[in-house]
Amino acid sequence: MGFIPHTDRERAEMLAAIGVDSIDDLFEPIPEPLRMARPLALPAALDERALLRHLERLASDNVTMDTHACFLGAGVYDHFVPAVVDALISRGEFLTSYTPYQPEMSQGMLQAIYEFQSLVATLTGMEIANASMYDAATAMAEACLMACEVKGSRVIGVSRLVHPHYRHVLRTYAESSGVEVRELAHAEGATQMPDGGAPLAAVVVQNPNFLGCIEDLSAAREASLASGSMLIVVADPIALALLRPPGDYGADVVVGEGQGLGCSPGFGGPMLGFFATRRELARRMPGRIVGATTDLDGRRAYTMTLRTREQDIRREKATSNICTNEALLALAASVHLAVLGPQGLREVAAACLRNAHSMVDALTQVGARRAFERPFFREVAVRPPGRLGVAELNRRLLQRGFLGGYDLGSAYDELDGCWLVCATENRTREEIDGLAQAVAELTR
Amino acid sequence: MSDSSAPQATGHRSEPVLIEKSVRGRRGVRPPSPQGPLGPLEEMLPGVELRTDLPLPELSELDVVRHYTALSRRNYGIDAGFYPLGSCTMKYNPRANECAARSPGWARLHPLTPPAAVQGALQLMYELNCFLAEVAGMAAATIQPAAGAHGETLSLMMVRAYHRSRGDMERTSVLIPDSAHGTNPASAALCGFQVRPITSDADGLSDTRHLRELVGADTAAVMLTNPNTLGLFESRIAEICAVVHDAGGLVYCDGANMNALLGVARPGEMGFDVMHFNLHKTFGTPHGGGGPGCGAIAVGSVLEPFLPVPVVVRRGNALYDLCHDRPLSVGRVHSFYGAFLNAVRGYAYIRSLGPDGLREVARHAVLNANYVRARIGGAYEIPHNRLCMHEVVASASRLKRRFGVRAMDVSKRLMDHGFHPPTNYFPLIVSEALMIEPTETESKQTIDAFCDALIAIAAEAETDPEVVRGAPYSTPVRRPDETAAVKRLDVRWGSSGQ
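Chains A and B are the protein sequences, given in the same order.
Take 1 as the starting number for the first sequence in the numbering used here and just add one per residue.
Take 1001 as the starting number for the second sequence in the numbering used here and just add one per residue.
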């Protein structure tokens, strides 16, 4: 029970060495009234077979991306994951290790994180990246707090076309940090950049934005320069295979969600936030950073570095309170990128682009209309035909084996009736045509 | 699996970084083909600036497998051997729970699926919240925080919202013992609070007299770890909570050390108002080289209205749902619902152990720690040498004073004996600290071997101190130059540092 190896005899020997008669005696420092007088009210233990059967039964109550054809994105995507990713990250040497505080015992994970930092910096076109964050939402919030510190301003301008949940997390952090969040309006599927005026700590845009459309990062950069603020870009790592990277536009911070790189959708967690910035901001950056150095014998070695920013050393003066990161998922993303290579990643991105366009073509043929005409990547906002309403359409599609798109009206009053549909490289021609046919039949 | 004759991080051959192994034109895995004629990308992205170069490594699948297998051999995990890092609870990570979490019925779930179509997932979260609330002795729980420090952040946001909801705007300070984890003051600062340290008394417990001096109308909360970071139970905890409550403040429990208390004592009954769990410590989910974790929190009824949205609820018709209509909620702290797959692992852990099994976890964690204390007490000073809970803090200060051998040297020498070192130099109030947490899943034989090594190193410090100071000798690298790492700041390939 509890994976406890002790035999009765060993317990007796250990108690004798300690000098007490029973395990109960060891709890003498806990005052009697605070000790539980009854067992925890929890279900009785299950053996392994019963446990796995119980969990499989619960799991079978779920619609998944395997039971249904998934046209839902909105921050979590059904991307192809090569089998080798899970095989490698399941190795116990990685899976059961801790934060690499002792570099001699942890060279493997340290090097893997160094490689992850390199891959993220390359993809985003930035100078440096950290060892990962909890998810895109918290990475963005931390980027905004960093911008406030660097710029000495407490006002953030965030595009309304940044993921609604990311903006919600930002507001939650801002509320307790005394930061004001101003939303930048949108029109025709793109953010309306502020035209100078009030100074801001940062301008935050997402690209592709929440509506799937490609934003004009040059305009965002001009707006950030005009307001004396940092430019924070929430980027998609797969789209970055095709798009000119934010670093080329002069972005100060690039954050994003790495789930699409080899990580399970997992009902939204754990996720993989990434955070890249300019070299001169390294000491202001939250999270862990691994650096290369040499050891006593002159060999290349890796170690956590810039540790004096961190909570366990600086305590209340730390740049952030982060201790845990997402190292195992950073490893998954690195393996994923390594086995795809530049050509494979471009092909994934091109297949998303193609499939999303094929999906729009099929849907418009059955009467759907695009909400905006801007170029899009993997997701697109459409108005479905008929008067069913998006929520009801999704409900009926579920019965036909489709996981329908995101109901934009649930987050944007101004987009009521719009449906954000997504097609990744995992969608097939049959699924795309099947979706269009089902929409046609359900809305007839 | 790695070679069984090489249980430690013994991959001595250095491994080039990925980009150095890249061969132009080499391909690995081929992704699915596009469903339609591709044509020039510019036609689908009119007017969009495209990328001209993408200098990622080009490797075959086998190249990648060999690379990461080589790296894994240069890394040490619980599967390789004893990992007694204090405050980290490096217990065995059950493989059945891994197997469960990888089921497509969990791993392939989209978080925005209509609730009616993910009843199994919502039921699991609902039940886990109930389990955690029961273990804590509190009213409710949420798995939304991604890590312990994230749970602290969320808790302090809720504390702030609670005071403000009562029109009490002047509570600007948070009191934290000087023995606390660094995340506590960092989280308090992140939430805009002034941090005021509480000193520890001669017994290694929070000084209640100092606490009474500090507590007042400006106290938002006190953050306490119980058992504290010396591995000692804060026996005056009920009194402390009463003092804080009388002054209108709330009390937060850093639950990093819950492994000592499972089924034995409950923070809610001690007077705590809110606490975090580390599912990756107490409930055996893997640490993964630093994450992902799960920093679920439990709250008493005064804080329940402030929980982050969405809250998993059970409706009258026995359907589980996500409730967003919570007017007092602090908001949201994660993109979705938190580290759900770790919740599956934690749920599996609790279901496989049951109430009696969880209690045995705490009892054996405490047995093992006290056994370490008894075994090494002759060779090392133990500043508070009395019954401890799940961990024991020893000190190398005698070795330092007499032979110039520091805690760091002892730790490095332990590597040559095949063990991961304990936590060093923490808590800050013990000089030359060696903080040892054996956990319940280690056998007497393993602990004996570890204690024998520690005792041998103490003897070696006397006879051959320079040998200990020069350790380790058997690891892939030896004492990387951290000062040079900061100076060079070579944090990626292709940077000026290389």
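Keep in mind that a hint or two might mislead.
What the hints assert, rightly or not - A short, non-exhaustive set of chain A residues, derived as facing chain B with CB atoms under 8 Å:
#1 Ala-41
#2 Val-84
#3 Ile-322
#4 Val-360
#5 Leu-388
#6 Arg-396
#7 Tyr-412
Simulated from the structure, these hints should not be mistaken for laboratory data.
Note that CB positions come from ideal geometry on N, CA and C, so glycine has one too.
Non-conforming hints, listed in increasing numerical order | 4, 5, 6, 7
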